[in-house]
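Heads up: the sequence shown begins at 1 in our numbering, then just goes up one per residue.
If you are wondering where the hints come from, they were derived from the structure by calculation, not from laboratory data.
For clarity, every value in this text was computed on a predicted model and none was experimentally measured.
Glycine included, C-beta positions come from ideal geometry on N, C-alpha and C.
Mixed in with the good hints, there may be bad ones.
[What the hints assert, rightly or not] Below 30 angstroms or equal to it, Euclidean Cα-Cα: the simulated DSBU-like pairs (lysine-lysine) are:
| # | residue 1 | residue 2 |
| --- | --- | --- |
| 1 | Lys436 | Lys335 |
| 2 | Lys200 | Lys189 |
| 3 | Lys335 | Lys158 |
| 4 | Lys436 | Lys189 |
| 5 | Lys335 | Lys189 |
| 6 | Lys431 | Lys158 |
| 7 | Lys436 | Lys158 |
| 8 | Lys335 | Lys431 |
[Unchecked claim] Between beta-carbon pairs, the in silico distance windows are:
| # | residue 1 | residue 2 | range |
| --- | --- | --- | --- |
| 9 | His343 | Gly383 | 48 to 56 angstroms |
| 10 | His295 | Pro209 | 18 to 26 angstroms |
| 11 | Leu434 | Lys189 | 28 to 36 angstroms |
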Amino acid sequence: MHISLLNSGSAALKRNLELLCMAPISNPPSSNRGRAPSRTPPRPLKKQTCAPMRPSKSRIQHVPTEPDSPTPVPEVKSKPSVIDVPFMPLEDYESDDSDDDSDFEALGSFVRICSSDSDYTPSSSDDSIFYGQGSTIAGTQDGAEVLVMSLHPYSRPKEESISTLFQLVWAVLPPVPPLYESRQLRKTKRPSATDCAHTKRLTRVVYLPEIFLPIEGMVAQRLRSISVDFNNPRHREFAMRVFPWHTAIGAVKKDTGEEFDPIPEEYDAAYPFVSSAHGRKRAKPDGILVLRGEHPNEVTPLCLEVKTHAIISGTQNPLQHVQTSISGHRYGAHKFNMPRFPHESDDHGCSILTQIWSQLIHWDAKYGILSSMDTTTFYARQGDTLYISEAYGPNDETLFYVVCWILLAIEAFPSLELDLPLPDTSWWSRKTRLNKESGFC
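Whenever a hint applies, use it, and build me the whole structure from the sequences.
Printed below as a string of structure tokens:
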């Protein structure tokens, strides 16, 4: 299983995704895609079960001292400071008399996550440093209780405070970098003619702010059962590549785009060049999660789309219309008419929905992530309906939810599944039903 990057985007987010899947990021195939139908049909709708409720106690949110957007890099760039990450030496693996498998004793539990639920035994490790003395985990309900504890701030962690995989991913994201040019990267391109010509068309969007409720407690409980030992060099290396404070080291200091082509000679080589690319025949996702198989017959359950925070942010959200609940209709569906021609997509919201939907259809994926690092949205496809989460900010549990979404996409264990409700269109007026104009109705 690996994540394939079709375009470049937010380096920090992609590094987190790569290591959370514990597999390398590979370059995408350059040939046209002629994929076979998915071997695994989507699960049928099930009657909604009673999911464990998150405790009513509100979680104490961490408000970082750093500004939401770092100070722009000056015209004359000085050499960036380098933070020394204390990796332990790894050269003595072959001379170690212990069993090699013991090096992965704790993180090996992550692999066993794919086994049956009956093989799972909760951990009894003490995590009182995070959520108070005397708390225990005794079921999914208790697993949800740890979700009210405060997130680890964006700062160098104290190693003694992280002893489980859950604590490693229960942290805020780094602040987003500034745009390299205030007038650029504020537009998203219209969908291509191929995107608009899909026969499987999006017609309804259901906003589910509680979309993680059926799975978050279970995932938290599982992750708490996986130990992280910083005295183990392999655990340390894994942790350094997952925890946001460390993954942000060496990342780009500014979002860049096609205008930097070729790379300017004066561009700081210490940081990678990031550029976006738009497919002429289709809108390519910025990343795909490959579960198994080889191109063109690989199984891809998840797509990743990255935008700049000039397009999607906490203060400017082109999807706000569909990320709003319908009064009196818990599962009320918003009507959406996909454009049949590119020129009919005249706003960012319409273009983005058409883009991410066509990606899911083309790659036969059920799940997707849309992120600008400033906000992150999760979505799932079923029939002609897109189920969409709320927009999570960098100070929310976004990194943890990325883990939840990946485990859900790869079907990590049998009982991990969403309860997607039937879309409610009873509130649609006759005018809404007859509306054929492209975009939101």
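| message | The hint says 28 to 36 angstroms between Leu434 and Lys189; measuring C-beta to C-beta, is that right? | response | holds, 30 angstroms
| Does the structure keep Lys436 and Lys189 at a Cα separation of 30 angstroms or less? | holds, 22 angstroms
| query | Holds or violated: are the alpha carbons of Lys436 and Lys335 at most 30 angstroms from each other? | reply | holds, 10 angstroms
| task | Assess, step by step, whether the Cα of Lys436 is no farther than 30 angstroms from the Cα of Lys158, and give holds or violated. | result | violated, 57 angstroms
| said: Hinted pair, alpha-carbon criterion (30 angstroms max): Lys431, Lys158. Please report holds or violated. | reply: violated, 59 angstroms
| said: Verify the CB-CB distance for His295 and Pro209 against the hinted window 18 to 26 angstroms. | reply: Hint violated: Cβ distance 36 angstroms, outside 18 to 26 angstroms.
| field | 30 angstroms Cα cutoff - pair Lys200, Lys189 | value | holds, 21 angstroms
| field | Given hint Lys158 paired with Lys335 - CA-CA distance at most 30 angstroms | value | violated, 48 angstroms
| request: Determine whether the Cβ-Cβ distance between His343 and Gly383 falls within the hinted range of 48 to 56 angstroms. | output: At 28 angstroms between Cβs, range violated.
| field | Distance restraint between Lys335 and Lys189, which requires alpha-carbon spacing of 30 angstroms or less | value | Judged against 30 angstroms, a Cα distance of about 22 angstroms means the pair holds.
| query | Is Lys335 close enough to Lys431, meaning Cα to Cα at most 30 angstroms? | reply | holds, 11 angstroms
Hints 3, 6, 7, 9 and 10, counting from the list given before, are not met by this structure.
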